[in-house]
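Heads up: the protein sequence lines correspond to chains A and B, in order. Numbering (numbering that gives the first Met the number 0) for the first sequence: 0 to 489. Numbering (numbering that gives the first Met the number 0) for the second sequence: 0 to 489.
It should be emphasised that the hints constitute simulated quantities derived from the structure, not laboratory data. Computed from a predicted structure; not experimentally measured. Among these hints, one or two may not hold up.
Identical copies look the same in the list; a pair holds intra-copy or inter-copy alike.
Calculated lysine-lysine pairs in the DSS-like style (CA-CA distance at most 30 angstroms, straight line) [what the hints assert, rightly or not]:
(1) Lys-167 - Lys-138
(2) Lys-326 - Lys-129
(3) Lys-180 - Lys-57
(4) Lys-326 - Lys-169
(5) Lys-123 - Lys-57
(6) Lys-167 - Lys-446
(7) Lys-237 - Lys-326
(8) Lys-180 - Lys-237
2 protein chains.
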Amino acid sequence: MDHSTFRDFSKAMADYIAEYLENIRDRRVLPSVQPGYLRPLIPNAAPETAEQWTDVMKDIERVIMPGVTHWHSPRFHAYYPTANSYPAIVADMLSDAIACIGFTWIASPACTELEDVMLDWLGKLLGLPKEFLACSGGKGGGVIQGSASEATLVALLGAKSKIMTEEKEKRSYADDYEIVKKLVAYTSGELALTILMEEQAHSSVQRAGLLGGVQFRMVPVDDKHRMQGAALKAAIKKDREAGLIPFYVVATLGTTSSCAFDNLAEIGPVCQEEKVWLHVDAAYAGSAFICPEYRYLMEGVEYADSFNFNPHKWLLVTFDCSAMWLKDPSWIVNAFNVDPLYLKHDLQGSVPDYRHWQIPLGRRFRSLKIWFVLRLYGAENLRAHIRKHISLAHEFEQMVVADSRFELAADVIMALVCFRLKGSNEDNELLLKMINGNGRIHLVPSKIGTTYFLRMAVCSRYTESQDIQESWKEVQAMADRLQAEKAKGN
Amino acid sequence: MDHSTFRDFSKAMADYIAEYLENIRDRRVLPSVQPGYLRPLIPNAAPETAEQWTDVMKDIERVIMPGVTHWHSPRFHAYYPTANSYPAIVADMLSDAIACIGFTWIASPACTELEDVMLDWLGKLLGLPKEFLACSGGKGGGVIQGSASEATLVALLGAKSKIMTEEKEKRSYADDYEIVKKLVAYTSGELALTILMEEQAHSSVQRAGLLGGVQFRMVPVDDKHRMQGAALKAAIKKDREAGLIPFYVVATLGTTSSCAFDNLAEIGPVCQEEKVWLHVDAAYAGSAFICPEYRYLMEGVEYADSFNFNPHKWLLVTFDCSAMWLKDPSWIVNAFNVDPLYLKHDLQGSVPDYRHWQIPLGRRFRSLKIWFVLRLYGAENLRAHIRKHISLAHEFEQMVVADSRFELAADVIMALVCFRLKGSNEDNELLLKMINGNGRIHLVPSKIGTTYFLRMAVCSRYTESQDIQESWKEVQAMADRLQAEKAKGN
Chain A
0 MDHSTFRDFS
10 KAMADYIAEY
20 LENIRDRRVL
30 PSVQPGYLRP
40 LIPNAAPETA
50 EQWTDVMKDI
60 ERVIMPGVTH
70 WHSPRFHAYY
80 PTANSYPAIV
90 ADMLSDAIAC
100 IGFTWIASPA
110 CTELEDVMLD
120 WLGKLLGLPK
130 EFLACSGGKG
140 GGVIQGSASE
150 ATLVALLGAK
160 SKIMTEEKEK
170 RSYADDYEIV
180 KKLVAYTSGE
190 LALTILMEEQ
200 AHSSVQRAGL
210 LGGVQFRMVP
220 VDDKHRMQGA
230 ALKAAIKKDR
240 EAGLIPFYVV
250 ATLGTTSSCA
260 FDNLAEIGPV
270 CQEEKVWLHV
280 DAAYAGSAFI
290 CPEYRYLMEG
300 VEYADSFNFN
310 PHKWLLVTFD
320 CSAMWLKDPS
330 WIVNAFNVDP
340 LYLKHDLQGS
350 VPDYRHWQIP
360 LGRRFRSLKI
370 WFVLRLYGAE
380 NLRAHIRKHI
390 SLAHEFEQMV
400 VADSRFELAA
410 DVIMALVCFR
420 LKGSNEDNEL
430 LLKMINGNGR
440 IHLVPSKIGT
450 TYFLRMAVCS
460 RYTESQDIQE
470 SWKEVQAMAD
480 RLQAEKAKGN
Chain B
0 MDHSTFRDFS
10 KAMADYIAEY
20 LENIRDRRVL
30 PSVQPGYLRP
40 LIPNAAPETA
50 EQWTDVMKDI
60 ERVIMPGVTH
70 WHSPRFHAYY
80 PTANSYPAIV
90 ADMLSDAIAC
100 IGFTWIASPA
110 CTELEDVMLD
120 WLGKLLGLPK
130 EFLACSGGKG
140 GGVIQGSASE
150 ATLVALLGAK
160 SKIMTEEKEK
170 RSYADDYEIV
180 KKLVAYTSGE
190 LALTILMEEQ
200 AHSSVQRAGL
210 LGGVQFRMVP
220 VDDKHRMQGA
230 ALKAAIKKDR
240 EAGLIPFYVV
250 ATLGTTSSCA
260 FDNLAEIGPV
270 CQEEKVWLHV
280 DAAYAGSAFI
290 CPEYRYLMEG
300 VEYADSFNFN
310 PHKWLLVTFD
320 CSAMWLKDPS
330 WIVNAFNVDP
340 LYLKHDLQGS
350 VPDYRHWQIP
360 LGRRFRSLKI
370 WFVLRLYGAE
380 NLRAHIRKHI
390 SLAHEFEQMV
400 VADSRFELAA
410 DVIMALVCFR
420 LKGSNEDNEL
430 LLKMINGNGR
440 IHLVPSKIGT
450 TYFLRMAVCS
460 RYTESQDIQE
470 SWKEVQAMAD
480 RLQAEKAKGN
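Same shape as in the complex, but just chain A:
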């Protein structure tokens, strides 16, 4: 494809995208296709000769769109938001065109340096302690990871590398496995024996344990599904008495299940006393800390060794962009440092070589997206975006409360409303099936303990008060239908 064809093609795509997003409200949120719908729509092998871009453009509506779940529809309320913004799309075009792989400083200095500074910009916006910021001149600094799962895993490996070093200094072990088998990590959750799907923290925390090869302990939570200091303290004490080695705590600020906040102000001092690595996972809710009025929820963050949130969720920077800060990256850098000659360069040491801060070797120029979004929105508009979503959630909350058939399943703190029909889990499962089957709005369920509920997350930057009202009307209409069918059945 030559330059002038690219100009035509990319401009046609820009028009298509603007058209798609401008009119996304008109599309059914959830597609009605069945598994396997796509394969028959396209050839079974790549073409031998080049096709025209205009033919590819035509296939977007024919092949792709029928199978798209429209995450940016104002009535998509499933999971959590994922970002979509014009500045980020354009930044990604530039990133794709420069297409450098920023594994070392010399491999593209701008890629490393803009990331270093953008993580400072973000950290300042959130009000993170200066120990996390590169500009403070200490050891701390930030890095972009692909996802919160990776950040949790990277922090776990740092904590593991630290405890292994410390234990070996303390006493002699036959081999590393003698230490590894005693290591215990902690996260919020039901009792230790609770099955995985009922745990409170995001499922990626479990996965990190699996990958890192250490045991994970679910710390019992309080009635608001939050880990408290005393419960953590007790769990650690019990494990130490059993000869185990507590080394890593993941505190979650805004769980996926119900957006519960672990009590960081209590957990922090416990971790400090017990000398265990504290990682704070604020994947979704972290974006809200750009608004000073929500920072009380991260009180105690000064005790954390690592902190992570996803601008690609709620801060309008497209996936993937998971921001992570470390007070002392050397534990991770040393654990990951496998340095072949072809990656060495003369200026090592004076700037971060980010390949040692992450699991993959390769990395894109992702900080461009942060730069474009922060400049083209400005902090005040980003704060307005967060506040609007939270306010829309409270609007929905009030409608739930006003309908006596329904109840809330958790406090509404951010832009997530957990609610349910008073009554059986089965009724709520049926209700959800009817709502999603209709496809006008999209919700997913969750469960805390034995209580099944529906989650209404405000996700799209196009969501307005009227959308929230229509979404609620749809819930009510399906509840009416459910009750009518049950009445008929009886």
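Following the hints, complete the assembly by docking chain B onto the known chain A.
Below, chain B without anything else, positioned relative to chain A:
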């Protein structure tokens, strides 16, 4: 930013990109900035109010470009190529606009289904055995990973989960750690005690061992730096005799250091006899298998359990897009399956839920890039692209051979030429320093055993015969200068 501003902004960016790539030959390949150059060029915090996009556009040349290493300059010859193509850039725009997170089928059916079919298209183009293809109706299938490092790690975890299951069936162990500490993985390399930077396989293989918590054994290589069947067999035998459990072999087709190919035709049967998981890492060279004349290099691939190559290296699909196939994904799916309620859906089981095939939970709609690139180039143009690069490498090879001061350090098989000044490593280190210091071309070094050499990879899709000749002239000019300086010094 409203829709019409986006149209203006993205079109201006398309023009900038076309201009940048059209004239990339005129830019100095390697920047001359010093570490820390960028921070003083921009404010130390995000702006409070929104800026104009035109101001952001202006800052690209002022802030970013001075620090960019131009990977797509026709005279960039470092590392390996990373892809850059117009169809992929436009596909990414669409992916960013749809901005779905495809962790389950229902989260966006098109995202999962196009990936499933595109991995079949790619697998067919490469001539992979049908057991790897979803369309064959067996268990096999493909998935897009972020990088070859991740693919190696994912395969290791699958192999680990398989061997743990098998060992527990065979005899009883006190705990999992009793098994884990006996596990041994193998890859090509110098003797087991060789320091890490001298190993042949890509450094990501080491890292996977670190993350997966198992020992990695370097299998001694032959004089062409290839793992042979007998050496692997001997290493496995020795470990079994010591009571260890061999479970995973990574065969590399096209090492980063010198593009050596392990002898898969021999290694395959050894792995089958020894019942160890065989993972083939063809990150760079795999793209060449779209040309039938290079498939002899993957003879024995039918014995592999998993296979990986990076379309984002040499097949014009922008980063990140690492294609991985598994004959039996269930080992990985079962190892990774941590399934909270909010990710469950009614249609589970009939189609892949790719979150179980990878380390992160989130994933972008990356198959669009493969679809656009394969259709808009067509197989014949992609083959022409590969053949041209290899032919340019041979052109460079001939010039090296014709200059009696130089020698080749490895066979030229793909588009990489490993060469050196006859004489000391120190002279070659000086030569490289002068070449990169001049910044007109960019090379990185490597080392095999104690021999230091320079690597000239053909990377850019803009590279022509004339560029290769100029790159060689630059090497010669620096060699002349080195000799003159040495003569003066004496």
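Each hint, compared with the structure:
no.	hint	result
1	Lys-167 - Lys-138	within (24 angstroms within a copy, 45 angstroms between copies)
2	Lys-326 - Lys-129	within (9 angstroms within a copy, 49 angstroms between copies)
3	Lys-180 - Lys-57	neither (56 angstroms within a copy, 55 angstroms between copies)
4	Lys-326 - Lys-169	within (24 angstroms within a copy, 46 angstroms between copies)
5	Lys-123 - Lys-57	between (45 angstroms within a copy, 25 angstroms between copies)
6	Lys-167 - Lys-446	neither (42 angstroms within a copy, 33 angstroms between copies)
7	Lys-237 - Lys-326	within (29 angstroms within a copy, 44 angstroms between copies)
8	Lys-180 - Lys-237	both (16 angstroms within a copy, 26 angstroms between copies)
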